[in-house]
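Trainee: Chain residues, written in single-letter form:
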Amino acid sequence: MSARRETALWVAQRATAVVLALCVVVHLATIIYAVRGGLSAGEILARTRGSLAWGTFYSVFVIAAAVHGAIGLRTIAAEWLGFRGEAAEFAMTVIALALTIVGLRGVVAVVGA
Amino acid sequence: MKGNWAPADTGATTLRVVVWRGDENGRFEEFEVPRQPSQTVLDVVTYIQRSLDPTLSYRFACRVGMCGSCAMTVNGTPRWTCRTHVDKVASGARLEIAPLANMPVVKDLVADMGEFFDKWARARGHFKPSATRNDAFATVDPASSERREADAGIECIGCGVCYAACDVVAWNRDYLGPAALNRAWTLVNDARDAGQAGRLAAVAGDAGCHSCHTLMSCTEHCPTKLSPTRSIAGLKRATWRLALVPEDGE
Amino acid sequence: MRPARNHPAYWAFLVHRISGVALALFLPAHFWFLGAALEGEAVMDGLLRWAEQPLVIAGEWLLVVLLAAHLAGGLRLLALEFLPWRNWQKTLATLAAAFTLVAGLVFALAR
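Protein chains in written order, with the working numbering: chain A, 1 to 113; chain B, 1 to 250; chain C, 1 to 111.
The set of hints was computed from the structure by calculation and includes no laboratory data. Note that the structure is a prediction, hence the values are computed from the model and not measured. Worth double-checking, as some hints may not be accurate.
Derived list of chain C stretches under chain A, where covered just means 3 residues or more per stretch with a C-beta under 8 angstroms from a C-beta of chain A [said to hold, decoys possible]: (1) 63-75; (2) 100-109.
Listed next, with one range per pair, are the computed distances between beta-carbon atoms [said to hold, decoys possible]: (3) Q196(B) <-> H30(C): 39 to 49 angstroms; (4) G46(C) <-> A53(A): 19 to 29 angstroms; (5) T224(B) <-> V26(A): 43 to 53 angstroms; (6) P34(B) <-> R5(A): 53 to 63 angstroms; (7) L83(C) <-> S59(A): 28 to 38 angstroms; (8) E39(C) <-> A53(A): 18 to 28 angstroms; (9) T94(C) <-> T132(B): 48 to 58 angstroms; (10) G76(B) <-> R49(A): 51 to 61 angstroms.
Non-contacting residues of chain B with respect to chain C, defined by C-beta distances greater than 10 angstroms in every case (computed) [as the list claims (entries may be wrong)]: (11) E32; (12) R59; (13) V64; (14) S69; (15) G195.
In this text, a Cβ means the ideal position worked out from N, Cα and C, and glycines have one as well.
The shape of chain A in the complex, shown without the other chains (with noise of 0.2 angstroms):
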C-alpha cells in the first residue's frame, strides 16, 4: 500500500485514540457512577432518553471506536494472520461500516425517545 494511505491510516488511528481517550474517560466514569446500587434499564434510558448531549457523545464515540478498531485490526492481521492486500482492505472498510451501523442503531436506541 502507498506511503499517502499508510500515513493516512497511521493520522487517523492517533487522531481517534485521542478522540477516544476522552470518550473513554467520560464513560468508564459515567458505568463506575451508574452500576452503584445495581443496573436497570429504566435508570439508563432516564439518563439517555431524548438527549442531545449523550445522543452526540454516543455518536463520536461509536464513530471513532469503528474507525480505530477496525484500522487495529487490519495491522493484527497482516502481522499476525498474513493477511493482506486488497481483500484485506475491503474487509478492514466492511468492519468500519458495520460497527459504525450496529453501533448508531445501538445510540438510537437509548436516546430515541
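Since the structure of chain A is provided, determine the placement of chains B and C on it from the hints.
Mentor: Quick look at chains B and C alone, frame taken from chain A:
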C-alpha cells in the same frame, strides 16, 4: 588468577555448548568446552573451531566490542559475543549459540546480511553531499536540536542486533527495520545532507516507520545503547504530512 | 517467553494489542445489547438481569480492566510518539499498569 577464580555456579569446569550447524535446515550440535576465567562466548566459539571442529564457520574481527561482526544469538538473545561473558549468560553451565535471527543463514553461525543492508539503502540511509571541496566548511551548531537528535543515533555500526531482535521484522518482510530507519533519521537531521527529497517518502508507510509498534526490543538490546525507537518516533512526526500530499499519478 | 522479548516495553505492547482485540470482539455484542432497548424497557431489563450472573459480572469486570489497560497503554504510546523523547518509558509503562489496576479496583468496589 587461575587459582583464585571460582566458577559462577556448581563448580563445573566444563561447559555444555550447543551450536547451530548448517543452514536454515540444519541442527544444533553439542560440544564440551573447558571453562576459563573471564571467558567470553567468542572465546568459546574460537576454542571449538580451533580445537574441536575446524569446519565451524563464524564471523569476528576486532574482538574488543567495536566492530559488531561477532553478533550472534546467545541463549535466545542477540548479543556481541566478544562482549558477552559466559558467566553472565550460561544458565546451568549450558550455552546455546545460533546465528542472528531474521536473516538467512549462510552456514553455521554466519548470517546473510544482504537484505539488512539493502533495506538501509531503501531507507535512503546514505549521505548525499551538498557542497564540494571548494566550498567553505559547513557550520553546524552541535547544540542545535537537530544536531542533538542526529548525534543521539549516529554511533550505529550496523551490527544487526536490533534487526535480529525486532519482531516486526519477523512479521513483516518489507519492514525496513530499526537500524535503517535510525540512520535515515540521523540524516533527516543532518543540515549538510542534500538527499532529503524522497527520504521521508522512503521511510513512511507499511515498510517504514508506521509499522513500528514500539516493542523497543531494539533499544533494549542495542550494544551501543542507541534508541532506534526514539529515531522512529521522530520519523513518524516528520512524515505525517505525507498523508495530505497527492502522490505522482494521483 | 523468549528472553529477547522479556522486557517491560514488550509486555506493554502485548497487553495493548491483546486488549485491543478483545475489545474489538466485544464491541459488536455491546452495541447489539444496547439495540435491545429498541424493543422496549422490559426486554432490556431482562438482558440486564441475565447480566447479573456471576460469570457475566466477572466478564464485565475483565472488560473494564481491558478498557482501562488499552487506554493507559494508548496514552503511553501517544506520549512516546508525540512528546519530546525522555528515557522514562519504563516509568510510563508502570504508570499505565497502575492506572489499570486502580480502575479495575474502583469498578469492582462500585459493582
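Trainee: Would you mind marking each hint as holding or not holding in the structure?
Mentor: A quick look at each hint next to the structure:
Closer than 8 angstroms: that is the beta-carbon criterion, and the segment 63-75 of chain C has 6 residues meeting it against chain A, so the requirement of 3 holds. Coverage of a stretch by a chain is defined here by at least three residues with a beta carbon nearer than 8 angstroms to that chain's beta carbons; for the segment 100-109 of chain C and chain A the count is 3, and the condition holds. For Q196(B) and H30(C), the hinted distance range of 39 to 49 angstroms is satisfied, since their beta carbons lie about 47 angstroms from each other. At about 28 angstroms, the CB distance of G46(C) to A53(A) agrees with the hint of 19 to 29 angstroms.
The hinted range of 43 to 53 angstroms is satisfied by T224(B) and V26(A), whose Cβ atoms lie roughly 45 angstroms apart. Range check, P34(B) to R5(A): about 58 angstroms between beta-carbon atoms, so the 53 to 63 angstroms window is met. Between L83(C) and S59(A) the beta carbon distance is about 30 angstroms. The supplied range of 28 to 38 angstroms therefore holds. Our hint of 18 to 28 angstroms for E39(C) and A53(A) holds, since their Cβ atoms are close to 25 angstroms apart.
The hinted window of 48 to 58 angstroms between T94(C) and T132(B) holds, with their beta carbons roughly 52 angstroms apart. In this structure the hint that G76(B) and R49(A) lie 51 to 61 angstroms apart at CB holds, the actual value being about 58 angstroms. For E32(B), the shortest C-beta to C-beta distance to chain C comes to about 23 angstroms, beyond the 10 angstroms cut-off, and the non-interface label holds. Non-interface status of R59(B) relative to chain C is upheld: no Cβ of that chain comes within 10 angstroms, the nearest being about 20 angstroms off.
Non-interface call for V64(B) relative to chain C: holds, since the shortest CB-CB distance, roughly 24 angstroms, exceeds 10 angstroms. The non-interface label for S69(B) is consistent with chain C: the shortest C-beta to C-beta separation is roughly 20 angstroms, beyond 10 angstroms. The claim that G195(B) is not at the interface with chain C holds, since no C-beta of that chain comes within 10 angstroms of its own (minimum 24 angstroms).
Violation of the numbered hints given earlier is absent; every hint is satisfied by the structure.
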